[in-house]
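Novice: Every letter in the sequence shown is one number past the one before it in this note's numbering, and letter 224, counting from 1, is 240.
Some clues are possibly wrong.
[Claimed, not checked] Per label pair, the in silico range of CB-to-CB distance: (1) V176 <-> S209: 20 to 30 Å; (2) D144 <-> A192: 18 to 28 Å; (3) T151 <-> K210: 13 to 23 Å; (4) N156 <-> E177: 37 to 47 Å; (5) E147 <-> S209: 15 to 25 Å; (6) D144 <-> K168: 19 to 29 Å.
Simulated from the structure, these hints should not be mistaken for laboratory data.
Computed from a predicted model, the values in this text were never measured in an experiment.
Just so you know, even glycine gets a beta-carbon here, dropped at the ideal spot from N, CA and C.
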Amino acid sequence: MADKKDDKKKAPEAAAPAGEEGAPSKKSKLIFFVMIAAGAIALIGASVGATLYFTGFFNPPAAEAKAGEHGDEHGGEEHGGGAEEGGHGEDAAAGEHGEAGGGEEKSAAEVPESEKFAATYKPITGADGKERDFTLNVPNSKKFVQFKVAYKTFYGVKIVERVTKHQIAIEAAIIATSSQFGEEEMTSVEGRSKLAEALRDAMNDVLIRNEDFGGIDEVMFTHFVFQ
Numbered sequence: 017m018a019d020k021k022d023d024k025k026k027a028p029e030a031a032a033p034a035g036e037e038g039a040p041s042k043k044s045k046l047i048f049f050v051m052i053a054a055g056a057i058a059l060i061g062a063s064v065g066a067t068l069y070f071t072g073f074f075n076p077p078a079a080e081a082k083a084g085e086h087g088d089e090h091g092g093e094e095h096g097g098g099a100e101e102g103g104h105g106e107d108a109a110a111g112e113h114g115e116a117g118g119g120e121e122k123s124a125a126e127v128p129e130s131e132k133f134a135a136t137y138k139p140i141t142g143a144d145g146k147e148r149d150f151t152l153n154v155p156n157s158k159k160f161v162q163f164k165v166a167y168k169t170f171y172g173v174k175i176v177e178r179v180t181k182h183q184i185a186i187e188a189a190i191i192a193t194s195s196q197f198g199e200e201e202m203t204s205v206e207g208r209s210k211l212a213e214a215l216r217d218a219m220n221d222v223l224i225r226n227e228d229f230g231g232i233d234e235v236m237f238t239h240f241v242f243q
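Given these sequences and hints, build the entire structure.
Specialist: Quick look at the structure:
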């Protein structure tokens, strides 16, 4: 009888350790599920991050990048345009005379800088191949003036051919421009220099209106008689 009582007392004591072992088992399962959940979240985050990276989410917006490029281009054009402007009636592409005598400017793409040659001098000639004589009455005077004209260009045969092609219009422009100068201007060195500049602008204006580009750098008199 005493042995049975001892067994009954030991039975609860033996059950107690079994209950204590059950608690750690539940904690282990909880930790396991938490780790699985954390791993799943990390995997989802990595997947989302990779997707955003490869789709260019972290790259600068294309519009801003293009705006920056256009800004650089416009800045370069403004500096380039400032260097080309300011001259004596030629197009900006000529490099020396920015104003085109009232006509439109020729773009550099149509007459590349690489096509610029050494200076070419050419007289205005008549149908017989001889230098053309321009004779006209001086305004408000009984006298007349007679002169011959030559021009200088840095664009070689291209401009020479265009001057020949539009020579009738150019001769008319020379006569119309010269008739605006009086006796005082015709008889002074300074006045003849202004006349030469005006003739250059008039010739360039004809070429610009017909060919979109002037190209004449200077006009000079090879013969000048006032009487």
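Novice: Each hint should be assessed against the structure and marked as holding or not.
Specialist: Here is how each hint holds up against the structure:
no.: 1; hint: V176 <-> S209: 20 to 30 Å; verdict: holds (24 Å)
no.: 2; hint: D144 <-> A192: 18 to 28 Å; verdict: holds (24 Å)
no.: 3; hint: T151 <-> K210: 13 to 23 Å; verdict: holds (20 Å)
no.: 4; hint: N156 <-> E177: 37 to 47 Å; verdict: holds (39 Å)
no.: 5; hint: E147 <-> S209: 15 to 25 Å; verdict: holds (20 Å)
no.: 6; hint: D144 <-> K168: 19 to 29 Å; verdict: holds (23 Å)
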